[in-house]
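Trainee: Residue numbers (my numbering), protein chains in the order written: chain X, 15 to 379; chain H, 15 to 379; chain V, 15 to 379; chain Y, 15 to 379.
Just so you know, not all the hints are guaranteed correct.
[Claimed, not checked] Quick partial rundown of chain V residues pointing at chain Y, CB under 8 angstroms, derived from the structure: (1) Thr28; (2) Asp215; (3) Gly218; (4) Ser250; (5) Gly252; (6) Val259; (7) Glu261; (8) Gln320; (9) Val323.
Keep in mind that the hints were calculated from the coordinates and are not lab data.
All C-beta atoms in this analysis are idealised placements derived from N, C-alpha and C, irrespective of residue type, glycine included.
4 protein chains.
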Amino acid sequence: MSKSTIGNIFKVTTWGESHGQAIGAVVEGVPAGITLNMETIQAFLDKRRPGQCQFATARQESDKVNIMSGVMDGITTGTPVSLVIMNEDHHSKDYSDLAEVYRPGHADFTYTKKYGIRDHRGGGRSSGRETAARVAAGAVAKAFLKTLGIRFTTFVKSIGSVSYHDCPDPDFIWQNDLYMADRAAYEEAKLLLTGIREEGDSLGGIIECRIEGVPAGIGEPVFDKLDARLAQAVFSIGAVKGFEVGEGFGAAMLKGSENNDPFITNGGITEKASNHAGGILGGISDGSPIVFRAAVKPTPSISKPQSTVTSSGEDTVLRIKGRHDPVIVPRAVPVVEAMAAITLADLYLEGLGANISNIEKIKGR
Amino acid sequence: MSKSTIGNIFKVTTWGESHGQAIGAVVEGVPAGITLNMETIQAFLDKRRPGQCQFATARQESDKVNIMSGVMDGITTGTPVSLVIMNEDHHSKDYSDLAEVYRPGHADFTYTKKYGIRDHRGGGRSSGRETAARVAAGAVAKAFLKTLGIRFTTFVKSIGSVSYHDCPDPDFIWQNDLYMADRAAYEEAKLLLTGIREEGDSLGGIIECRIEGVPAGIGEPVFDKLDARLAQAVFSIGAVKGFEVGEGFGAAMLKGSENNDPFITNGGITEKASNHAGGILGGISDGSPIVFRAAVKPTPSISKPQSTVTSSGEDTVLRIKGRHDPVIVPRAVPVVEAMAAITLADLYLEGLGANISNIEKIKGR
Amino acid sequence: MSKSTIGNIFKVTTWGESHGQAIGAVVEGVPAGITLNMETIQAFLDKRRPGQCQFATARQESDKVNIMSGVMDGITTGTPVSLVIMNEDHHSKDYSDLAEVYRPGHADFTYTKKYGIRDHRGGGRSSGRETAARVAAGAVAKAFLKTLGIRFTTFVKSIGSVSYHDCPDPDFIWQNDLYMADRAAYEEAKLLLTGIREEGDSLGGIIECRIEGVPAGIGEPVFDKLDARLAQAVFSIGAVKGFEVGEGFGAAMLKGSENNDPFITNGGITEKASNHAGGILGGISDGSPIVFRAAVKPTPSISKPQSTVTSSGEDTVLRIKGRHDPVIVPRAVPVVEAMAAITLADLYLEGLGANISNIEKIKGR
Amino acid sequence: MSKSTIGNIFKVTTWGESHGQAIGAVVEGVPAGITLNMETIQAFLDKRRPGQCQFATARQESDKVNIMSGVMDGITTGTPVSLVIMNEDHHSKDYSDLAEVYRPGHADFTYTKKYGIRDHRGGGRSSGRETAARVAAGAVAKAFLKTLGIRFTTFVKSIGSVSYHDCPDPDFIWQNDLYMADRAAYEEAKLLLTGIREEGDSLGGIIECRIEGVPAGIGEPVFDKLDARLAQAVFSIGAVKGFEVGEGFGAAMLKGSENNDPFITNGGITEKASNHAGGILGGISDGSPIVFRAAVKPTPSISKPQSTVTSSGEDTVLRIKGRHDPVIVPRAVPVVEAMAAITLADLYLEGLGANISNIEKIKGR
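One chain only, chain X, in its complex shape (with noise of 0.2 angstroms):
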């Protein structure tokens, strides 16, 4: 619940440098009797797999996940589930030029004040390589709340200035390389790049993720607060610069009763006639669908020229050589995904206790 480790119950610690051996995630507190095979995993970490972009980095990596203990005949055991992806391109020399100096909008200088040293090969910890590792382990949390009938719908919401329209499709999100969620919006965004690439700088952009089938009652006040939760898991995410649910920031201009979502009754169940909240109410799910979204930053790694300084302590001019990707949006999808159902799976197992009617349905074990 500290440094590499999130959650409380469901549990994921990740470790590894970006031009280290590997990287990996140990998962904890998975529940006994899940299916979960490797295929599953991998299929999800593909979706982040450098190369899959056209705009995304040229880093040649097969980013093959091992399932090293937890599993038994393709079902977990209730033991810690220990993932590792080995790094194979992980080549140095092409990074020792950046050794001594601090790149804009990177971590090198913080790590360096923080830790003395610092792993200046690939962005050592702070690069998104790291992100591999949750989204494997994301990949198991969302294997268990599938049993719960927990469904997940991330998508890049706009890149730059250019947003989607509409309601957004979910068959053409995985359709697109920069998985957006309308097809004008994806050709505009391609347009977009195209000029910004060729300019050498970089764009951000806007996730948003939308969760059905949460029950009511996830969540735990007054500091584990489902959307609370959220927003620590999704900003931990390097490029992350924003967080908002429901509303939003949006929320801070309506009236109150603009705001409100009336209750209603619905064959006898109660609902909600809108969803501004999206989805959380006091911290707790409402039975309504999770609804979030997060700003993410332009790449920092751009190609024209930037004022910095060594760490000498001198000024200079850097020139990042290479390839960039204009927008790593994209890329972040899987990982906004991974991080939410990672603190669902945590929250909703905290949880079950909460009650002792709860509790008394599985006495008798």
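Once you have looked at the hints, place chains H, V and Y on chain X.
Mentor: What follows is chains H, V and Y alone, placed relative to chain X:
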């Protein structure tokens, strides 16, 4: 680090319901040797007290804090600091008509789903009253951080569509009962709120917090990044629906070349020439001021009639009686500052052993 | 889960010094819907109260517990249960002569080394008085465990060289003021203690705890094994110097064929034919009674003159004035039981999601 | 701090089953700047390796550790240190006959009750093999503690009824394959074990650990006392049934005047004249050597026929085939030392901010 406790070393546990006997906080991990007296805590607590603001609730509470432990002769001893605030105005008869109905925008429905029962008296645990305990605990965090030279400026950036115009005026903030940053915006907001109150409606707004004097190196990658932990802490405040750092959601619209902060040398010190990042790079403080904002939703308790459902499952129309606050944003200002201080104190202490040269400085103890 | 908090789901935080205004405990994670009233807690608390035992301290405390939150109409609501016990007899003048000297066997020296300052009044935080808060919290744990059919028998197995002879007599335990298990041993111990008191000296002893009705399956490998967590919980009581489960240290002298418990079937149920293991295999409860023992050191406060050092570093001879307890073992009995109950409640709740078939039983909530 | 993770700042997570692909540990919170190489870890790991002892299992494992992350050029970087040990000898066919029967003294029955399924191959997660990961992690803790001048002496105090006679001889400990403290006891124990092996039976014993160079002030009252945390850490080792500090269970038989350690001045330094307390007062290290002992039960796997039950509920007689270890106590010696080192490293780091004067020493970072 779950439910009603936040933090890993500097840990705060709050307890208490709106209409119970008292509310309180236990603060663990306070370093010994810090000057701490009731007056300091009381002064901060008074900033969120009902009755401070012309637009805030009429509930009469003196909110007198009592330090029950952890302090001897005005100095902390290293043991838990227990803070208790008695509830004076806890007549629960006024709330009996709310026992059987779910108020829109409140946690009545979700608490019932989670726990099977709920304390309906004034919102019980989900009441804003719980935040008084946070503010008291935040005052302890601030007393510690003050010895390190860390200073906070927190204010209302906007209410509804009324936003401050230019640089915030720190002196003005605590001089106006909306805690807004400049006089012009304050006058506008007052006018707006007077109209909203007449309508029986309410408004939300945005709070900004700036923290100066934070040394570079605070924050624990990868999950306990400073921004991730601030996000959780601030989002755990009931009415918060959005959180952003530095350029925040605006960063999603910028180019990398616009959003990156160049490094420069200034008298031998490496600094950032701008602060789009809001003082955090890779989840670690970079020495620039920490800047973040929180979106607060409009008060859900409004006089206007609202459609809802009774706890026995019948559609009904709710008319909440009595005077209601057209805005709670100002009262959330000290709460936001408290949560930021608690988070910073915790991460500061957690990071003390990040590298061996720091440890060696205190080895000889 | 550090410092003054124990537990992961069912979490207890204690606060308070011997001579502060009050002491207390906050109990988080109590399931909603449990019957809990002041009388139940008070009855358990009264068992450790000063004045119960002819050999115990003359400090006059009524030790009245007050439930400040988390309970409505005698039923827990799922929110933190805050328990406060006011200190009545906290005149600190009697202790001024101890401010400048380190008492042998006490924490005076180590608190000073750790915190720089210490509350010398009656031991401050390290006083046995802190355990009253544990007992109050333990009563909450016991109320929860009672609904699951879990029962405790805790008693003094030995004082000095006087041990009980055969099977403990549960009815006799709370009928004698030494909480010993049979009358003969009680009479012997009384005689022994009368002599020790005349010498101005003290004695220690051994406490045994047996827990029946614990279902198989409680305990979290590999570090939060049931026995490991009981060990921490019981060893956190000031005077405890040893802890053992089942055969304990005796197992080191047995052969495998003597120490192993055969499994047998009993009416279709798999059971152990003996219980050398003390009800725990591989860190998980096995359905047999949990049996453990704790060794309690002799009271360090004795009337006999003792060599020591002043806080300014001068050798001196300490003569502690006033009446002193020749034995504290009996008063530790409810504390040991409380710590066991808190541990069991926590691990019970943490294990609810250990396998998917349990989870599916409550899925439909 | 639950399940397979131990520690709060210096945190160790182990994973892996006896017959999975590999076992491993992730060590978080290792301060940056510590010299750490594979050889150091391997040397410590080799002390628990099968095949070191004439009385230990014939399983052939080279137990080669691989540092996957957190170290660059032989120096720790402050990021998680991932350690992986491949399982070479994991042919699971030998264990198929154990799939359907509960071995007495093992965790087969309790894992089945808890998780519904269990990995029967060699004990799965509950196998002693898991402790190899602890030893590897313990080597990291020891490398850190060594920079602080903290040294360990751990040895077998007794096997069955054979105990060492006088002062332990540190040089002899690692020279004999039973890790006993003196030659005479070693020769006696060898004779005893040869006989026990012929009987098809096994023996337990007691391990003692002495830690020198620990400064006064380590340990976090009230629940994370140094002795309480050592108790949990050591008791989490599978075969441990008892734990004691200093005089331990013997203290229950002493008078206060015998058990108290007088303070004396020694060249201006305050010290204890004796060490009945085992170096811990009030849960905080007092500057004297830490001394504790653990009771280890006899190996449950014996050749003698044993009554038990099959997983389908039928009484049967179990005859475990193959060669079996008559004693596992020596192999537990590095495991006990590892758990002590992990605990001490964690509490050392957690206590860095106990008082403001320590913090001020490193403020200027």
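Trainee: For each hint, tell me whether it holds in the structure or not.
Mentor: How the hints compare with the structure:
1. Thr28: It holds, given that the least Cβ distance between Thr28/V and chain Y is near 6 angstroms, below 8 angstroms.
2. Asp215: It holds, given that the least Cβ distance between Asp215/V and chain Y is near 5 angstroms, below 8 angstroms.
3. Gly218: holds, 4 angstroms
4. Ser250: Holds - the Cβ of Ser250/V comes within 8 angstroms of chain Y, reaching about 4 angstroms at its closest.
5. Gly252: Holds. Min distance 7 angstroms.
6. Val259: holds, 6 angstroms
7. Glu261: Holds, because the Cβ-Cβ distance from Glu261/V to chain Y comes to roughly 6 angstroms (cut-off 8 angstroms).
8. Gln320: With a minimum Cβ separation of about 6 angstroms from chain Y (threshold 8 angstroms), the hint on Gln320/V holds.
9. Val323: holds, 4 angstroms
Checked against the numbered hints above, the structure violates none of them.
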